[in-house]
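Next come the chains, spelled out residue by residue.
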Amino acid sequence: MHGSTLWRVEELFHSTLQQPEPEREAWLASKTASEAAIGEEVRSLLAADRRNGELSAQAAATRQDAAGEMPVSSRRFGAWETGELVGRGGMGEVYLARRADGQHSQRAALKVMTRNLLSREGMERFRREREILAQLEHPNVARLLDGGVSNSGEPYLVMEYVDGERLDQYCERRKLPVAARLRLFLTLCSAVAGAHRNLVLHRDIKPGNVLVTGEGTLRLVDFGTARRVDASSLETMAPLTPSFASPEQLRGEAVTTLSDVYALGMTLYQLLSGTLPFGGGKSAYETVQRVVEGSAVAPSMAPGVDPARRRELRGDLDNIVLKAIAPDPARRYASVESLAEDVERYLGRRPVQARAGDWAYRAERFVARHRLAVALSSLLALTVAAAAVGLTVQTRQARLEAERSRRLADFLTHVMGLGYDRESGPFRSEGASARVIDAIRYAADRLPAELVGQKELEAHLRANIGHALEALGDTTAAEANLRRGLALVDAGRNPALAAELTGYLARKSELEGDGESAARQYREALHLLDAARGKVPAAVEIVLVLNAWNPALAPAEGDALLERGSRRAREVGETSPIYAQVPFDRGVVSWSRGHPEEALPEFRQALAILDAIHPRPLEECELRQVWGQLEMSRGNLEAAEPLMNESLPCLERALLPGEGHLMWAQLAHLILLVKQGHFKEAAGPLDALAAEIPKRRPKDRQLLAAALKWRAKALCRGGAACGK
Amino acid sequence: MDAGSASEGDITRLLCQWSEGRDEAFRELLSLAYDRLRRMAAAHMRSERPDHTLQPTALVGELYLRLAGAKLAGWMDREHFYRFCARAMRWILTDHARARAREKRGGELLLPLTEDVRWLGEREQDTFDLDRALSRLEEIDARKAQILELRVYLGCTASEAAEILNLSKATVDRHMRLACAWLCRELRPDE
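From first to last, the protein sequence lines are chains A and B.
Everything in the first sequence is counted per this note's numbering, starting at 17 for the first residue and increasing by one.
Everything in the second sequence is counted per this note's numbering, starting at 208 for the first residue and increasing by one.
The hints are simulated quantities; they were obtained by calculation from the structure and are not laboratory data.
The reader is advised that the hints may include incorrect statements.
[What the hints assert, rightly or not] Using C-beta positions, here's what the derived DEER-type ranges look like:
no., chain 1, residue 1, chain 2, residue 2, range
1, A, V194, B, R330, 49 to 57 Å
2, B, D397, A, R123, 50 to 58 Å
3, A, P319, B, E331, 41 to 49 Å
4, B, R220, A, R213, 49 to 57 Å
Small disclaimer: the values here were computed from a predicted structure and weren't measured.
Every residue gets a Cβ at the ideal spot worked out from N, C-alpha and C, and that includes glycine.
All chains should be modelled from the sequences, with the hints used to inform the complete structure.
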């Protein structure tokens, strides 16, 4: 084919092909009588065309043969005889098989390497699978029965036959509840952990490689891609399943036991949500991209999860799965065992480990990725998350901010890289709260240096820090932070933030017992809130209006605030502790208006909401305290005692000594003793408390007056000092 | 490349943006073609398992480097882009085969991706021979070489190749028939 002859050759080639086969030669000869060279070329190409067709047909036939679509008849492999083809795996085909020597009728699965895979590498992998299986003895791993090389040179493995269904299909078809799925998952974990103990990595864990029999027995199968931990070759070309493969696997980096932890996490994700986090990409490329970047949505947020299941997954189970599939192996569970332990903790209703650390980690990642450009929205998320853990409450109640503060401390310290560690950090002088408060103070000192020029961000952080500090009892430091925040924010441009800061400032005055300043500041905050209409996060508005409620307000004004709070509380959702604040506060209001009996059904409703939240929110303990005080005030001491007894230790753990509500609760406890007639037992502690108040809370005259009054009562009723 | 997934406008726009220095445009480009490339890579590397794909990153990583290196080649449109992908795949697979041969490792033959030349890949030499034959064909009839390249290395169907090259399917079929015959004569001369 050269130059201008090319076109001629091509034309003749096609026109000849259009002739009926037997006439082609004659037809071509007639056309090329005067151009012999061209005729030869066309003839040669036509022959090649025919040959191409033949070779292609042959190739197709051999391939089909090699693929073993239809095993011609049963074949012998050592003492085994194959039956039906039951599957095709990474390395070859799997047949049903039984002993041909009739010794016993054991059914088995026989895996034989496909002929066209008989490369050295393939043989090596097959040999490795055999070695690995031989060394694994675990009730949940399909056992190796036999293996060898057939007469025609094909290596084969004989394994225990598992007549079962894929794990995910088994769960779906039986509509298993979450707990049952978790128990099956624990069995799978034990099989993988067993392999790890034998220094074997499975490397391809996914529901398709886990079979469950009709009796519910689980078996991990297919160790075709397994490898010993100590094997040095990287084998970047090993088959894998992208949706379940860890980022390090996809990047071709070293695969460790943590990669199996990841695959287990993805399997759990699918079992719980019915879908996979990275499956929604437009293309496989996007999937790989997302796996590597690790932006997984929580299982409860996966598309297609029904609302009931969503509620069940939210929280602990989300955290467990997200910890297992963290893109950075160092952030995952350190072993399959620790993953399994956390799942067991969840099933046993104990607090799981996957929690705050991961939350802080996510916040850290989020901020790291988007830096300060979107830091404001991350803080919004922080505020909402914090609200869900426990913001708020009404003026006369003890409030528990420890959990929220701890999270804030984590957030600040992680984001700012302070290296604060809850367990072993430098702040472990006075118990958990003290460490948190130290961390927050420390972070607060560093803010100006960290956030140069980020006025609004700093103001946001100051609001959160101030709120946490006042809840922890350090009103002086709280005030400094809140005032600094107010100085940074332009109330005209961002009234929502100014309202939040002013509201916390009012709260601070109130906590110090300075009711006059508090009333003025609340008015100011509410005014700002009105100016920011619609732009205030629900949690912030709820806290503010509920805090601003005060028994001294006109009833209509007070009711309007409560109504406003409960309207926005609905946005937060009924699984949030903040939702319980609505009946809680309605009860407190009824009580303050002289109708304690109307408070009881409200408290009961609030407790039911709080009881359903796991782990137990701190508000529950707060509610018991208030309820106990209410029962005491009605003279129902038997009801009051257990409520208050359960509540006080929890308040003491959570709050700093000297915090206002803690001291009120301690006083209430002593008042109960007096009312029960235990004057002598109450007198000493009341003395101590009355002496402590001026030191801890110099501005709190109400508390001091109450303590002195009850101290006098106890002394008077208890002995001779009362000169009647 | 699946019809509809990537419009000509998209690709031309991305190519322009990329050549103007916007690196994200390249990632988007690659993601448009990635599905197809990955499938092809898997087939080339011979995966037996429908739910398994072979490690795609090595191949795509290499492809990325090649494409990124060719940034200044100044290509203009969708046709150039796919032709470039096919060419990149050809380089990668040929290098891969060369490396394997150097290390005297067997196995992992190239699978023919088009029904028209199914025998391709049965011999270990085929990968190099195909590369050399295509280079010769380029000098004789560049169009046919382009079509073969798209069909063999990217696994395009005749319609897809026609769409990319802006030809009718019948024309592509005619080119392909002759190209296959020619290739067979080059690689499997009658013994």
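So, going through the hints one by one against the coordinates:
The hint said 49 to 57 Å for the Cβ distance between A/V194 and B/R330, and at roughly 55 Å that hint holds. Separated by about 51 Å at the C-beta atoms, B/D397 and A/R123 satisfy the suggested range of 50 to 58 Å. At about 47 Å, the beta-carbon gap between A/P319 and B/E331 stays in the expected band of 41 to 49 Å. The hinted range of 49 to 57 Å is satisfied by B/R220 and A/R213, whose Cβ atoms lie roughly 55 Å apart.
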